[in-house]
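When you get a sec, could you build the whole thing from the sequences and use the hints?
Heads up: the sequence lines are chains U and L, in that order.
Numbering-wise (the numbering used here), the first sequence opens with residue 216 and increments by one.
Numbering-wise (the numbering used here), the second sequence opens with residue 216 and increments by one.
To be clear, the hints were calculated from the coordinates, so they are not data collected in a lab.
Careful: at least some of the hints might be erroneous.
When chains are identical, the list treats them as one kind, so a pair holds in a single copy or across two.
As the list claims (entries may be wrong) - DSS-like mimics (lysine-lysine), calculated; alpha carbons at most 27 Å apart, straight line:
hint	residue 1	residue 2
1	K339	K269
2	K342	K303
3	K299	K271
4	K339	K271
5	K269	K303
6	K342	K299
7	K299	K339
8	K303	K267
9	K267	K299
10	K339	K303
11	K271	K303
2 protein chains.
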Amino acid sequence: MNEGPDTWNPFDILGHLIHGEETDWIPRARMILEHGEARAFEPFDRFAMFEKSKGKSLTDLLAEFTRLREANLQELARLNLTPKLLEKRGQHPELGVVTLSQLLSTWVVHDLGHIGQIVRVMSKQYKVAVGPWQDYLPILTR
Amino acid sequence: MNEGPDTWNPFDILGHLIHGEETDWIPRARMILEHGEARAFEPFDRFAMFEKSKGKSLTDLLAEFTRLREANLQELARLNLTPKLLEKRGQHPELGVVTLSQLLSTWVVHDLGHIGQIVRVMSKQYKVAVGPWQDYLPILTR
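Rendered as structure tokens:
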């Protein structure tokens, strides 16, 4: 279940988060630290997971995400970021100049946004099952 | 941080979830099993947590919620619910006749709705911090 045409279900979202761990957050942080504004980030592929997740189960994806996120958080700690480094600038292929600090804040909000999406999709499976309580549960129509 | 006047922050929400574990879901399930439609549920107090959570930390509330939820899930398992029991009816003070199955589905969606609310509130703390990525993050304006 998803939220209509061209929207994602929790399996798609998990694949998308995995692809972010592999190609977005830490690789872009390294790009900023190593090349600054001189080299633009690789554009992020929003459809890569449809191919990459094929034949995998939700349990497989959860285990893969957990492993990658743990490794990336260790990598983040090893970067020993200082307030000065956090202000370092990079080049986004569409948005232009961004800072390392903005990239890391976006990593956090990106997670939160997709958690919000997952709970909306999960709730809608219970739309009929909740009966008259439907009116008390605004997430069912968000 | 919350979402405007008369809305809740994550601390309030956690207190609300705790009060639900104590007075709503399992107590109402028991009421249906024991009294059917003959006795209406106690109305749920949506403001109880403002007093009850006073002087507690978020960590205290998390520990309290975890303990209560675990106990209630064990209690739920002990009820040995059958398809027939799930169709048993009770009396909601405002909504009228509801089934045990509807009550338990609502317990699930109620959790999901408040998780969605918590991630919306948490994200908004990063609205400025994400810089130009703001436009790519719809949760910031949900």
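Now for the hints, and whether the structure bears them out:
no.	hint	verdict
1	K339 <-> K269	within (25 Å within a copy, 34 Å between copies)
2	K342 <-> K303	between (47 Å within a copy, 19 Å between copies)
3	K299 <-> K271	neither (42 Å within a copy, 36 Å between copies)
4	K339 <-> K271	within (24 Å within a copy, 34 Å between copies)
5	K269 <-> K303	neither (38 Å within a copy, 42 Å between copies)
6	K342 <-> K299	between (49 Å within a copy, 21 Å between copies)
7	K299 <-> K339	between (45 Å within a copy, 24 Å between copies)
8	K303 <-> K267	neither (32 Å within a copy, 46 Å between copies)
9	K267 <-> K299	neither (37 Å within a copy, 43 Å between copies)
10	K339 <-> K303	between (42 Å within a copy, 23 Å between copies)
11	K271 <-> K303	neither (38 Å within a copy, 39 Å between copies)
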